[in-house]
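Engineer: Go ahead and model the full structure; you've got the sequences and the hints to work with.
Line order of the protein sequences matches chains A and B. Residues in the first sequence are numbered from 1 upward in steps of one, following the UniProt record's numbering. Residues in the second sequence are numbered from 1 upward in steps of one, following the UniProt record's numbering.
If you're looking for bench data, these hints aren't it; they were derived computationally from the structure. Everything numeric in this text was worked out from a predicted model, so none of it was measured. Keep in mind that a hint or two might mislead.
Unchecked claim - With beta-carbon atoms standing in for the labels, derived distance ranges: (1) B:E162 / A:Q179: 53 to 61 Å; (2) B:F97 / A:K110: 40 to 48 Å; (3) A:N67 / B:R176: 18 to 26 Å; (4) B:R176 / A:Q171: 33 to 41 Å; (5) B:R176 / A:T172: 14 to 22 Å; (6) A:N332 / B:P163: 21 to 29 Å; (7) B:L111 / A:G40: 37 to 45 Å.
Stated by the list, open to error - In the SDA-like style, the derived pairs of lysine to any residue whose C-alpha atoms are separated by at most 20 Å in a straight line are: (8) A:K182 / A:R170; (9) A:K104 / B:A177; (10) A:K182 / A:T218; (11) A:K102 / B:K214; (12) B:K214 / B:K96; (13) A:K178 / A:A225; (14) A:K104 / A:L149; (15) B:K96 / A:P77; (16) A:K104 / B:R176; (17) B:K234 / B:K96; (18) A:K102 / B:L184; (19) A:K178 / A:A164; (20) A:K102 / A:P77; (21) A:K178 / A:R220; (22) A:K102 / B:I39; (23) A:K102 / B:K234; (24) A:K102 / B:P186; (25) A:K104 / B:V117; (26) B:K96 / A:F14; (27) A:K102 / B:S175; (28) B:K96 / A:F53; (29) A:K104 / B:S38; (30) A:K104 / B:S175; (31) B:K96 / A:K182; (32) B:K214 / B:V117; (33) A:K102 / B:A181; (34) A:K104 / B:A181; (35) B:K230 / B:K96; (36) A:K104 / B:E167; (37) B:K96 / A:K178; (38) B:K96 / A:A16; (39) A:K102 / B:Y22.
For every residue, glycine included, the Cβ atom is placed at its ideal position computed from N, Cα and C.
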Amino acid sequence: MANAIEIIEVIKRFGATTALESLSLSISDNEFFTLLGPSGCGKTTLLRMIAGFEAVSAGEIRLFGQNIANLPPDRRPVNTVFQHYALFPHMSVLDNVGFGLKMKGVDLAKRRARAGQMLEIVHLSAFADRLPAQLSGGQQQRVALARALAPEPRVLLLDEPLSALDLKLRQTMRFELKQLQKDTGITFIFVTHDQEEALTMSDRIAVMSAGRLQQVGTAREIYEAPNNRFVADFIGETNILQVEAQPISQDLTRVTLPGGSTLDLPAPPTASGQHSLSIRPERLSLDPQGSLTARLEHVVYLGTDLHLMARLADGSPLVIRMQNSARTALPNEGEEIRISIEEGAARLLAD
Amino acid sequence: MKGVRHFPGFLAITLVCLIVLYAPLLVVTVYSFNGSTSITQWGGFSWRWYIDVFTGPEAPRFGLAARNSLTIAVLAATAATIIATAASLAMVRGGKFRGRNASFALINLPLMVPEIVTAVAMLIFFTMIGIKTGYGTILIAHIAFCIPFAYLPIAARLQGIEPFYEEAARDLYASRARAFAHVLLPLMAPGVISGWLLAFIISLDDFIITNFVKGAGMETLPTAIFGSVKQGIKPNIMAISTLMLLASASLVTLSWLINRKGQRSP
Chain A
1 MANAIEIIEV IKRFGATTAL ESLSLSISDN EFFTLLGPSG CGKTTLLRMI AGFEAVSAGE
61 IRLFGQNIAN LPPDRRPVNT VFQHYALFPH MSVLDNVGFG LKMKGVDLAK RRARAGQMLE
121 IVHLSAFADR LPAQLSGGQQ QRVALARALA PEPRVLLLDE PLSALDLKLR QTMRFELKQL
181 QKDTGITFIF VTHDQEEALT MSDRIAVMSA GRLQQVGTAR EIYEAPNNRF VADFIGETNI
241 LQVEAQPISQ DLTRVTLPGG STLDLPAPPT ASGQHSLSIR PERLSLDPQG SLTARLEHVV
301 YLGTDLHLMA RLADGSPLVI RMQNSARTAL PNEGEEIRIS IEEGAARLLA D
Chain B
1 MKGVRHFPGF LAITLVCLIV LYAPLLVVTV YSFNGSTSIT QWGGFSWRWY IDVFTGPEAP
61 RFGLAARNSL TIAVLAATAA TIIATAASLA MVRGGKFRGR NASFALINLP LMVPEIVTAV
121 AMLIFFTMIG IKTGYGTILI AHIAFCIPFA YLPIAARLQG IEPFYEEAAR DLYASRARAF
181 AHVLLPLMAP GVISGWLLAF IISLDDFIIT NFVKGAGMET LPTAIFGSVK QGIKPNIMAI
241 STLMLLASAS LVTLSWLINR KGQRSP
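Structural biologist: Structural data, given as structure tokens:
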């Protein structure tokens, strides 16, 4: 598949501080790609460099093979949906949507038709003559989307576009965004700090932290097979246990769990000594034959789920997540419980 | 907390301030409608001094002075607004550049320098470089001292405009110039208009600097009024003053209204 965007050893410095450290990344054509990370991780800076609002300090940004790193934003066939929408307050909704086409020199009749068509796609035809201030947040969001898509960009950049909406609307918009991406076939690069947004919409996710890429992969890959402690911790909830690792064959490592029982994991033979082991709470279950022993401290009731907060013999906390069911027989708080780990659920992490 | 009205003496102090500030204006306005030729004795309501301003013996002199004042004010306000807009773009949107603080001080310095010093300095300057004083020197001087007055509301407005509007325009294929013309300038308009109006009033109203650089035979309305008053105050001066007061008050109100409207929509 062709690459829509190739980022090649891009570095961004602001004065003495380095915001991005030699970052390389390829994003395929027609992909819904998400840059995920906590605030200050460099995801927005990367997006702004693709848009052309920030200059690269070094490296190349290629759009379908052409280096665009030194082009001004108006010469890059990419459009942005801004976090605060940035709709022009003095123009009608229709003029906002038609603005990009106007600047490209498309004549009035054609751009009115195209803008009207875009408004239809986002279900806002009835609002064409209103000013942005007369629309609700969700409607402004759709106008921003229609405006960015109207000039048919080759890549659409979305900078935390859902963060200003309330929860219900955010969930609907996720669905619509994904659908829009499929329908238009345009590559979407989506920036967010919300892992749920990232997991539900993306074809692939790049997890970023402190100006570096931590892991790139599908939602399933980064959730199930995080390759370091940051990713395991940032995506979803996880238990991190300190274990003693010892290679026993070419691709098998034996780890000693707190309490003394052992577990054999597929892992490269380099792993030896003290390591972090990640186990998702939903992959643990109560089991009288279980290999881990812990003391149940308390039970958190979450409606559909229960969280059992327990503590292992070495003092490290352990969370077990189980479905709430009338048939679940719960141990009492303070009791000793035995826990089993689902086959293949434990993962050794690089720190 | 108790309201400010409850402080002892609040009412008395307020009244004294209001009287000192506005009683003279009120007297001038009321006596401009005086039917008698005396400036202190009331002779019944009349429009005669207004008619005198436009048709009386001094009418041609005041007419010419008013025309000079208006054309200078329009030209000076326009030039000062253009310069102030460019300056505010550099100061607010230009990022951190060397000499930014110094530039800010230089733009606003004319507000701090005593006007008489500016006046003397300008006269010496024009004499030194050999420009003949007259309409042109008044215009140059007015442009110079109007810049900070135009700058303040324009820069304040620009500071309130988020930079993402220009970014959105650039992102949607607008060049720098077109992003400015189609997006930033319309958003700045309330500040620009109120800067222009302020500069216009300041120019219309200036006496000290104008008096120094105007040269012989050249009059603006304030210098013409001063010249006339030197031979004794006549009621027609009150009528002219009232007219100028009216013009200033309307423009200030207009400027305030435009600014307020601009603040409501981002």
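Engineer: Determine for every hint whether it applies to the structure shown.
Structural biologist: Hints, verified against the model:
{"no.": "1", "hint": "B:E162 / A:Q179: 53 to 61 Å", "in the structure": "violated (30 Å)"}
{"no.": "2", "hint": "B:F97 / A:K110: 40 to 48 Å", "in the structure": "holds (42 Å)"}
{"no.": "3", "hint": "A:N67 / B:R176: 18 to 26 Å", "in the structure": "holds (22 Å)"}
{"no.": "4", "hint": "B:R176 / A:Q171: 33 to 41 Å", "in the structure": "holds (39 Å)"}
{"no.": "5", "hint": "B:R176 / A:T172: 14 to 22 Å", "in the structure": "violated (38 Å)"}
{"no.": "6", "hint": "A:N332 / B:P163: 21 to 29 Å", "in the structure": "violated (59 Å)"}
{"no.": "7", "hint": "B:L111 / A:G40: 37 to 45 Å", "in the structure": "holds (41 Å)"}
{"no.": "8", "hint": "A:K182 / A:R170", "in the structure": "holds (18 Å)"}
{"no.": "9", "hint": "A:K104 / B:A177", "in the structure": "holds (14 Å)"}
{"no.": "10", "hint": "A:K182 / A:T218", "in the structure": "holds (17 Å)"}
{"no.": "11", "hint": "A:K102 / B:K214", "in the structure": "violated (50 Å)"}
{"no.": "12", "hint": "B:K214 / B:K96", "in the structure": "violated (40 Å)"}
{"no.": "13", "hint": "A:K178 / A:A225", "in the structure": "violated (24 Å)"}
{"no.": "14", "hint": "A:K104 / A:L149", "in the structure": "holds (14 Å)"}
{"no.": "15", "hint": "B:K96 / A:P77", "in the structure": "violated (30 Å)"}
{"no.": "16", "hint": "A:K104 / B:R176", "in the structure": "holds (14 Å)"}
{"no.": "17", "hint": "B:K234 / B:K96", "in the structure": "violated (56 Å)"}
{"no.": "18", "hint": "A:K102 / B:L184", "in the structure": "holds (16 Å)"}
{"no.": "19", "hint": "A:K178 / A:A164", "in the structure": "holds (18 Å)"}
{"no.": "20", "hint": "A:K102 / A:P77", "in the structure": "holds (15 Å)"}
{"no.": "21", "hint": "A:K178 / A:R220", "in the structure": "holds (17 Å)"}
{"no.": "22", "hint": "A:K102 / B:I39", "in the structure": "violated (64 Å)"}
{"no.": "23", "hint": "A:K102 / B:K234", "in the structure": "violated (62 Å)"}
{"no.": "24", "hint": "A:K102 / B:P186", "in the structure": "holds (17 Å)"}
{"no.": "25", "hint": "A:K104 / B:V117", "in the structure": "violated (53 Å)"}
{"no.": "26", "hint": "B:K96 / A:F14", "in the structure": "holds (13 Å)"}
{"no.": "27", "hint": "A:K102 / B:S175", "in the structure": "holds (12 Å)"}
{"no.": "28", "hint": "B:K96 / A:F53", "in the structure": "holds (17 Å)"}
{"no.": "29", "hint": "A:K104 / B:S38", "in the structure": "violated (71 Å)"}
{"no.": "30", "hint": "A:K104 / B:S175", "in the structure": "holds (10 Å)"}
{"no.": "31", "hint": "B:K96 / A:K182", "in the structure": "violated (43 Å)"}
{"no.": "32", "hint": "B:K214 / B:V117", "in the structure": "holds (16 Å)"}
{"no.": "33", "hint": "A:K102 / B:A181", "in the structure": "holds (13 Å)"}
{"no.": "34", "hint": "A:K104 / B:A181", "in the structure": "holds (15 Å)"}
{"no.": "35", "hint": "B:K230 / B:K96", "in the structure": "violated (52 Å)"}
{"no.": "36", "hint": "A:K104 / B:E167", "in the structure": "holds (16 Å)"}
{"no.": "37", "hint": "B:K96 / A:K178", "in the structure": "violated (41 Å)"}
{"no.": "38", "hint": "B:K96 / A:A16", "in the structure": "holds (15 Å)"}
{"no.": "39", "hint": "A:K102 / B:Y22", "in the structure": "violated (54 Å)"}
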